[in-house]
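Q: Can you build the whole structure from these sequences, using the hints too?
2 protein chains.
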Amino acid sequence: MSDVAALEARLVAGDRRALARILTLVEDGDPDVQRDIVARLHPKAGRARLVGITGSPGVGKSSVTSALVTGLRARGRRVAVLAVDPSSPLTGGALLGDRIRMQAHHGDDGVFVRSMAARGHLGGLAAAVPAAALVLDAAGFDDVVLETVGVGQSEVDVAAMADTTIVVLAPGLGDSVQAAKAGILEVADVLVVNKSDQPGAGRLESELRGMLELGHVTGIAVTDGWTPLLLRTVAVRAEGIDELLEAIELHGRAIAASGASGREHARARRWIVELAAGRLRDVLNGPDGPLRRRLEDLAGAVVDRTIDPMTAAERLTDRLS
Amino acid sequence: MSDVAALEARLVAGDRRALARILTLVEDGDPDVQRDIVARLHPKAGRARLVGITGSPGVGKSSVTSALVTGLRARGRRVAVLAVDPSSPLTGGALLGDRIRMQAHHGDDGVFVRSMAARGHLGGLAAAVPAAALVLDAAGFDDVVLETVGVGQSEVDVAAMADTTIVVLAPGLGDSVQAAKAGILEVADVLVVNKSDQPGAGRLESELRGMLELGHVTGIAVTDGWTPLLLRTVAVRAEGIDELLEAIELHGRAIAASGASGREHARARRWIVELAAGRLRDVLNGPDGPLRRRLEDLAGAVVDRTIDPMTAAERLTDRLS
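Which chain is which? The protein sequence lines are L and F, in order.
The first sequence: position 90 = 224 (our numbering), numbered continuously.
The second sequence: position 218 = 352 (our numbering), numbered continuously.
Hint data in this document are derived by calculation from the structure and do not stem from the laboratory.
Please read all numbers here as calculations on a predicted model, not as lab measurements.
One thing to keep in mind: the hints can contain errors.
Identical copies carry no separate label here, and so any pair may be met within one copy or between two of them.
Lysine to any residue pairs mimicking SDA-like chemistry, simulated, CA-CA at most 20 Å apart [claimed, not checked]: (1) K178 to R428; (2) K178 to T445; (3) K178 to D137; (4) K178 to G434; (5) K178 to E398; (6) K178 to V437; (7) K178 to P305; (8) K178 to A435; (9) K178 to D438; (10) K178 to R439; (11) K178 to T204; (12) K178 to T440; (13) K178 to A152; (14) K178 to E383.
A: Written out as structure tokens, the structure reads:
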């Protein structure tokens, strides 16, 4: 514990190695250490803006992120990028990704890049990503960019944690209908047609424009009175990135004006739910205790088929409601 | 509800359309319908053998599965295959996969193949896969093969649900050290070196043999007094499949002899835990109620930074322990 206290002091003082170490503890540390970190840093955080970037593989998410970081740096903001890959349990790949991503911003002290792979049990990311974002927030970054790699529900969940969520699409790949099916469009505050110099970009933009006009039924959600903005970029040439930065600002002001805390409240609620579910799992899988003993009895009854698993789960949690 | 009762009668009578419909309800139905299905079918199940097949992409899992199905059919057993893809939220891909897999066994009434993609919230598969396996068990299949596509923690979790878990490796791709890192070897009851006619197969086998001899430290677990068997196959030519079938039999007899219910008990326990965590989530995300109101208050306190999220989660669940 005093280890965490020492790291915390160094983190707040801007020590990068302490930051990396705390993130590692958040990612694979034991629940007690995680609890300690979150409890200590939560009062110190709350200043950073969270920007989510998601989209199917091949649309150029990394290029958009990199161009965005360059633009934010030019505006004097300190930026942390958290690249989340829910499908990979291997650190090796994640570290390689870090190095490639870092190159463009190598030697820039105002940029920090970290990859996070899926670890531990199912649902682990839903609790680990907000904790990592909290650490980066407490470390003093102005922007925390959450980039998700892939197309699963986990990506959508991660992207939805942000203050502003950017969904990147590109002509040819993962068209708008597929994106709608995957539920990705629902979380978009800003829609970006990247690689907009390529064939089919106009058609993709028209499709999305049509979906925006039809509103909710097409999978694009209008929330807090905000209709998602639709932009075109060619991220590898930094085209459209100024407009994207402006869109993020605009969305930030719009949610602030419409009762800022709605989104923060929803994020806090979601995080608490995941932590509570994780805590229930820990208690049930943990050392002997009354709840653990009850679980063992119920598992025995399920094996004997005197009770079904659903009813067993209800009996286990009925004291909650 | 009476809808489910009618489907249940048809399922037990061997109706394939009823089976497909119930699986769809399990996969994306609402919690009440799922609860009803599990409660109804659980007393009728418990006869099928669950065989898990996992391994990195490219090792030939599908070929091993297909050859295994042919071998099981030749022995007069009715086989269901549940191909689980935790990374894909899209039904389209899953259905295409179904069709490709079905071809070899087209027209064979004793084979049923179904793909299952990640749906709903994080952790959904941990509850949905055992439910689907239960449905297939109740439908009268002798073997339910759980094939997982990919390399994440979810795959390992799914594979570990089986009575016998087969981990497939191949020379060149995803070597033994990578597999060990990914935690895949830990769940192996049978290790298969597929594509064993290709260069590097001998070296891979030696590596695995060395890891087996060193035991637990290398990521291969010896549990219930069972040391994982190591086999070579060329699945596309059905070479080594008889030996694989024998290994599955052998492992089944070994766990039966060493107090059969250990594994079933562990599986029941894990399932109850996931269902309980899911139920907690449902209650918290559900309509107004005392627990939901408490959550809203706590989320407000987290936004105001008068409490941290970890402590909030503890307050929410402290009545449990």
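Q: Each of the hints needs a verdict: does it hold here or not?
A: Structure-based check of each hint:
no.: 1; hint: K178 to R428; result: neither (40 Å within a copy, 24 Å between copies)
no.: 2; hint: K178 to T445; result: between (43 Å within a copy, 16 Å between copies)
no.: 3; hint: K178 to D137; result: within (18 Å within a copy, 54 Å between copies)
no.: 4; hint: K178 to G434; result: between (46 Å within a copy, 17 Å between copies)
no.: 5; hint: K178 to E398; result: within (16 Å within a copy, 47 Å between copies)
no.: 6; hint: K178 to V437; result: between (49 Å within a copy, 12 Å between copies)
no.: 7; hint: K178 to P305; result: neither (42 Å within a copy, 50 Å between copies)
no.: 8; hint: K178 to A435; result: between (48 Å within a copy, 15 Å between copies)
no.: 9; hint: K178 to D438; result: between (52 Å within a copy, 12 Å between copies)
no.: 10; hint: K178 to R439; result: between (51 Å within a copy, 9 Å between copies)
no.: 11; hint: K178 to T204; result: neither (27 Å within a copy, 61 Å between copies)
no.: 12; hint: K178 to T440; result: between (51 Å within a copy, 11 Å between copies)
no.: 13; hint: K178 to A152; result: within (16 Å within a copy, 56 Å between copies)
no.: 14; hint: K178 to E383; result: neither (24 Å within a copy, 58 Å between copies)
In this structure, the hints that do not hold are numbers 1, 7, 11 and 14, in rising order.
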